[in-house]
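Required output: the full structure, derived from the provided sequences and hints.
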Amino acid sequence: MEIEEFVKSNFYMLFKKELENAVNSCISESDLSNKLDILSFNIKQLDWMALSMNETLPWSVEFIELYKDYWDWHYLSYIIADNKFFNKVDFAFLLAVYAEKVDWKVLCRNVQIKYSDIIYRYRSHIDWPSLCSNPNFYWKIDFIKENIDMMDWIAFSESISTMPPFSNDIRDFRFRILEEFENYIDWSVISENEKINFDSDFIERYKDRFDWENIVNNSAMEWNLEKIVKYDKYLSKVPNEYLMASSMWYEIVKICVLNRL
159 MEIEEFVKSN FYMLFKKELE NAVNSCISES DLSNKLDILS FNIKQLDWMA
209 LSMNETLPWS VEFIELYKDY WDWHYLSYII ADNKFFNKVD FAFLLAVYAE
259 KVDWKVLCRN VQIKYSDIIY RYRSHIDWPS LCSNPNFYWK IDFIKENIDM
309 MDWIAFSESI STMPPFSNDI RDFRFRILEE FENYIDWSVI SENEKINFDS
359 DFIERYKDRF DWENIVNNSA MEWNLEKIVK YDKYLSKVPN EYLMASSMWY
409 EIVKICVLNR L
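The sequence shown maps to residues 159 to 419 in our numbering.
Calculated from the structure, these hints are not laboratory results.
Check the hints yourself; a few may be wrong.
In silico EDC-like pairs for lysine to aspartate or glutamate, Cα to Cα no more than 16 Å straight-line [claimed, not checked]:
#	residue 1	residue 2
1	K395	D357
2	K388	D366
3	K388	E350
4	K353	E316
5	K385	E399
6	K388	E362
7	K395	D359
8	K226	E258
9	K272	E316
10	K259	D230
11	K202	D227
12	K365	D344
13	K412	E380
14	K298	D261
15	K298	E337
16	K391	E350
17	K395	E371
18	K388	D357
19	K263	D240
20	K412	E371
21	K353	E384
22	K365	E399
23	K298	E338
24	K391	D369
25	K259	E223
26	K365	E350
27	K226	D261
28	K391	D366
29	K259	D285
30	K303	E338
31	K263	D285
32	K303	E340
33	K242	E213
34	K365	E337
35	K259	D275
36	K391	E371
37	K385	D359
38	K303	E337
39	K263	D227
This is the structure we're talking about:
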């Protein structure tokens, strides 16, 4: 049946709205990298939410400008934050022009490491919980100090083990963060982080900071009789019912069995 005949049919008239919505949705979700002209077709009825997150579109500053009044800026912010679509210059330009349109929660949660210095310029727009939980953000000590009361220290403490280092030695980087902001870090969060290396120097330095209820259940800790005796003062304060359900208790039992105590 020819399309002209079909649109005159009772079936089409009955389901006209549903069919148009389905067609527009299909257009929006398709690979449009080589079909720019289709965006000029019935443009207001296209699914702009789907288009705004469609990675196959030929993304550019000019392309965003062309349809700036139609984008869903929440979803478009995911595209803008992804450095495979925009280089650093374009990213900076988009923020300069559309700072009031982009979703800063999305940007701060997803911005890539090499664009971090651009975010520094927009501290009044920053969504701090999102930025502090971004494992790819490149933190500078001075920037943290300048915004110390804005930081979400729980989220920041959770991300310490995964954040990129500003030096070649990631261990030194983490230690410097902990040293500089010892009074702000959430040590309960640090104490349960299984990606941190709890070596002898680290434990000794922050023994009075740790949440020992979390420490005893942290699989990153390696227990032996010497360590248990050394930190008996702290371990003895952990409630028995919690201690006996911890991963440390299992290690103690193994040690006792091996030594037939």
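Which hint numbers doesn't this structure obey?
1, 3, 5, 7, 9, 14, 16, 20, 21, 22, 35, 39
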